[in-house]
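2 protein chains.
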Amino acid sequence: MEDKVNLRDALAGFDEPFSPRIVGYLNDYKLQVAKTKGEFVWHAHPDTDDFFLVVSGVLTIQLRDREIVLGPGEMYVVPRGVEHCPRSNGGAEILLIEPAGTVNTGDAPAGALTAEERML
Amino acid sequence: MEDKVNLRDALAGFDEPFSPRIVGYLNDYKLQVAKTKGEFVWHAHPDTDDFFLVVSGVLTIQLRDREIVLGPGEMYVVPRGVEHCPRSNGGAEILLIEPAGTVNTGDAPAGALTAEERML
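From first to last, the protein sequence lines are chains A and B. Counted the way our numbering counts, the first sequence spans residues 1 to 120. Counted the way our numbering counts, the second sequence spans residues 1 to 120.
Among the hints, a few may not be true.
Put simply, identical chains are the same to the list, so a pair is met inside one copy or across any two.
Capping the alpha-carbon separation at 20 angstroms, the derived lysine to any residue pairs in SDA-like fashion look like this [claimed, not checked]:
no., residue 1, residue 2
1, LYS4, ARG80
2, LYS4, THR60
3, LYS4, ILE68
4, LYS30, THR48
In case anyone wonders, no lab produced these hints; they're calculated from the structure.
With the hints as constraints, model all of the structure from the sequences given.
Structure representation (structure tokens):
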């Protein structure tokens, strides 16, 4: 990372929901900003935890037995192997950290929401 | 992480500067909140990058050839092996992510600012 990243500025650079943009790396982890709107797909990441921090809006991380409701400045780590489905009726902007190579839809069948890794 | 973490609430739980508190893990990385006030020590981490995100206040990360000035919602990753010295005259609150086991003072001689790993 040559220079700092302002999360709000980075998020202002695109509109597409569920299409994370890489803004830097922490060792072999990708630091991504993303927008969420509506419901994602149920999936799990068998090999890694999944870090979410909400920058603006409200993101609900649905788990099979409960919901984690995140507002600005709140973070949650979905443990590896745990099924989850992010949902954000009003829209949210987030920082998402996962190992590089992690597929956003995890073990769900690849589909319209499966995003290629891309830099901002 | 059993439940979500609200960064501001977590930071309200202690006052000591340069004494990071672990609030969760992302795989083998520790997620820490910390307060900074004044100047830290020059050091590098030979084996890892170092992630900083400012929650409140202003943190200046001094590098040998320039300074990175971070306000709320701004993040920077110090590359592995790069000497740096955080400074915050007015005080700042941050999220800090490093591999578990990373010593806060890096390769500098252990001293008063060297902190044990501790949970919030």
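Each hint, compared with the structure:
no.	hint	in the structure
1	LYS4 - ARG80	between (29 angstroms within a copy, 16 angstroms between copies)
2	LYS4 - THR60	between (28 angstroms within a copy, 11 angstroms between copies)
3	LYS4 - ILE68	between (30 angstroms within a copy, 7 angstroms between copies)
4	LYS30 - THR48	both (13 angstroms within a copy, 14 angstroms between copies)
The structure is consistent with each of the numbered hints, conforming to all of them.
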